[in-house]
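Engineer: Starting from the known structure of chain A, fit chain B onto it as the hints suggest.
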Amino acid sequence: NQGDGAGHAVTERHSGPRHAPVHGERRAAQPVIFFYLLSLVSATGVRPSTPLGAEHILALRLCAGAPAVTVAEVAGQLRLPAGVVKVLLSDLMEHGAVMAQAPRFPGGETGSFAADDQTLLRAVLDGLRKRL
Amino acid sequence: MVCASGCDSRPATLPATLKILVAGGFGAGKTTFVGAVSEIDPLCTEELLSGLGEGADPVDGVETKKTTTVALDFGRITLDERHVLYLFGTPGQERFWFLWEELCAGALGAVVLADTRRLADCFPAVDFFERRGIGFVVAVNEFDGAHRYTAEEVRAAVGLGPRVPVVRCDARLTSSGTGALAALVHHLLTTRSAHPAKTSDPGEPP
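Top line first, the protein sequences correspond to chains A and B.
Mapping of the first sequence onto our numbering: position 64 corresponds to residue 64, and the numbering continues sequentially without gaps.
For any residue, its number in our numbering is found by taking its place in the second sequence, counting from 1, and adding 1000.
This is chain A alone, in the form it adopts within the complex (with noise of 0.2 Å):
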């Protein structure tokens, strides 16, 4: 059972973080921020004025290098837990180096898309079609 990873899957409360400390945390290890793995995070060019850790300084470096880069690509390319990842962006964050917009997802709650998203989907469709 194994190869899905999910097979490894834990079963733990809230209150207790397993993910290794990270170099240079000051606190509890909760995002001050909110985070969505689709969130899309981009560098503002904004230097820290306080010395970053490691781990820090390699998250700043993947935002820079996009234009805009989601969190679970962040937390894929660095191979660490999602929550790992999102504790670094907030302290980024904080220091003004990153910004971050919430993804805006296209339809309703209920499922059927708007008008203009058939002009989206069908964008979509394009570009894949593209790709055959």
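Hints listed in this document are in silico derivations from the structure and should not be mistaken for laboratory results.
A hint or two may mislead.
[What the hints assert, rightly or not] Covered stretches of chain A (chain B as the covering partner; in silico rule of three or more C-beta atoms under 8 Å from a C-beta of chain B): (1) 46-53; (2) 60-73; (3) 81-92; (4) 118-125.
[As the list claims (entries may be wrong)] With the Cβ distance kept under 10 Å, some of the chain A side facing chain B (calculated, not the full set): (5) Y36; (6) L37; (7) L38; (8) L40; (9) G76; (10) Q77; (11) L128; (12) R129; (13) K130; (14) R131; (15) L132.
Even for Gly, the Cβ is constructed at its ideal location relative to N, Cα and C.
Structural biologist: Just chain B, lined up with the frame of chain A:
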């Protein structure tokens, strides 16, 4: 939003976030599929996901709210400068059904990968998306040596409605996986009516 003045020149409004889920039973080829279609090296993101039991599928003796560490396959396809598609390969085991609630929020739709040698493994995913009205296609991952069933045989065995597309797919091939995604989006276009829908914007808490 924390942002020093003059920090960024990005447009104020980013394009819509486009998310497609890749579901299916264990070993159906989700990781392979995401890896084949993604333009970036397939990433595995470990995330703490919490689910609220909504009364659906209650499990005796199990707390209705819990958090689980789970590995998600993650991929990205940049279609053009305004359209970027994100893919999540979701845990296939039935006991993780509650995780899908969070992953499904805002998803365009889903590709359910089916392995004809273990067709029943895709039932939970099919049930889940059907119940929530999330558009999906069933992509039959044609494993070497597996018997080739017709689309109608698969449809009958899974109990799919006549409108759910069943497509053939080789999860190892980029073109095949991309074709399955295109079939999904085509399905969404042809089945979804143009009801005005409220725009769902979770917003970024300050």
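Engineer: The structure should be examined with respect to each hint, and the outcome stated for every one.
Structural biologist: Consistency of the hints with the structure:
For a cut-off of 8 Å, the count of residues in the segment 46-53 of chain A with a CB near a CB of chain B stands at 1, and the three-residue condition is violated. With 5 residues bearing a CB less than 8 Å from a CB of chain B, the segment 60-73 of chain A meets the requirement of three and the coverage assertion stands. Counting residues of the segment 81-92 of chain A whose CB falls under 8 Å from any CB of chain B gives 3; the rule of at least 3 is met. Against chain B, the segment 118-125 of chain A contributes 7 residues with a C-beta closer than 8 Å to a partner C-beta. That satisfies the three-residue criterion, and the hint holds.
Of the supplied interface hints, the one on Y36 of chain A holds, with its beta-carbon coming within about 7 Å of a beta-carbon of chain B, less than 10 Å. With a least beta-carbon distance of about 6 Å to chain B, the hint placing L37 of chain A at the interface is held under the 10 Å criterion. Taking 10 Å as the C-beta cut-off, the interface hint given for L38 of chain A holds, the closest approach to chain B being about 5 Å. Because the smallest distance between the Cβ of L40 of chain A and any Cβ of chain B comes to about 6 Å, under 10 Å, the interface hint for this residue holds.
Residue-level restraint check for G76 of chain A holds (minimum Cβ-Cβ distance to chain B is 3 Å; threshold 10 Å). For Q77 of chain A, the interface hint holds, the least distance from its beta-carbon to any beta-carbon of chain B being 7 Å, beneath 10 Å. Contact between L128 of chain A and chain B, as hinted, is supported at the beta carbon level, the nearest pair being about 4 Å apart and thus within 10 Å. Given hint, R129 of chain A at the interface with chain B, holds; its Cβ is 6 Å from that chain's nearest Cβ, closer than 10 Å.
At about 8 Å, the closest approach between the beta carbon of K130 of chain A and any beta carbon in chain B falls short of 10 Å, and the interface hint on this residue holds. Checking R131 of chain A against chain B: minimum C-beta separation of about 5 Å stays under 10 Å; hint holds. The interface hint given for L132 of chain A is met, as the beta carbon of that residue sits about 6 Å from the closest beta carbon of chain B, less than 10 Å.
The structure fails to meet hint 1 from the earlier list, while all remaining hints are met.
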